[in-house]
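J.: Sequence:
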Amino acid sequence: MTDFKKVNDDLSIAGQISAEELRKLAIEGFKSVLNLRDPDENGFFHDEKQEAQIVGLEYTNIPLNSQAPNQELTAEAILEIDHLPKPISCFYYWCRNSS
Numbered sequence: 070m071t072d073f074k075k076v077n078d079d080l081s082i083a084g085q086i087s088a089e090e091l092r093k094l095a096i097e098g099f100k101s102v103l104n105l106r107d108p109d110e111n112g113f114f115h116d117e118k119q120e121a122q123i124v125g126l127e128y129t130n131i132p133l134n135s136q137a138p139n140q141e142l143t144a145e146a147i148l149e150i151d152h153l154p155k156p157i158s159c160f161y162y163w164c165r166n167s168s
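Read left to right, the sequence shown gives residues 70 to 168 (the numbering used here).
Please note that a few of the clues may not be correct.
Capping the alpha-carbon separation at 30 Å, the derived lysine-lysine pairs in DSSO-like fashion look like this [as the list claims (entries may be wrong)]:
1. K74 <-> K118
2. K93 <-> K74
3. K93 <-> K155
Since the hints were made in silico from the structure, they are not lab data.
Start from the sequences, fold in the hints, and give me the full structure.
T.: Here is the structure:
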């Protein structure tokens, strides 16, 4: 898992995860996954919701864009963090310009 960091006992953050990593999260006791990536992003894992549900994780996707912040979507993501079963793995992937 790329850039996996524990924020507190209820929330961890990471970069994009794979189907195998979803299984690993479920085994480690995570209950939910919050994906902050846009489905149009390069490398988006389109079967992720189904893979998460297969291993018993609740799944939510709220696409946030670091280049065009949206208060409504940000508020929705915060509400999901409050309401999803804990612990939650929240992940994102924002390309950084290397120039």
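J.: Each hint should be assessed against the structure and marked as holding or not.
T.: The hints, checked one at a time:
1. K74 <-> K118: With a Cα-Cα distance of about 22 Å, the restraint between K74 and K118 holds, given a limit of 30 Å.
2. K93 <-> K74: 15 Å, holds
3. K93 <-> K155: 16 Å, holds
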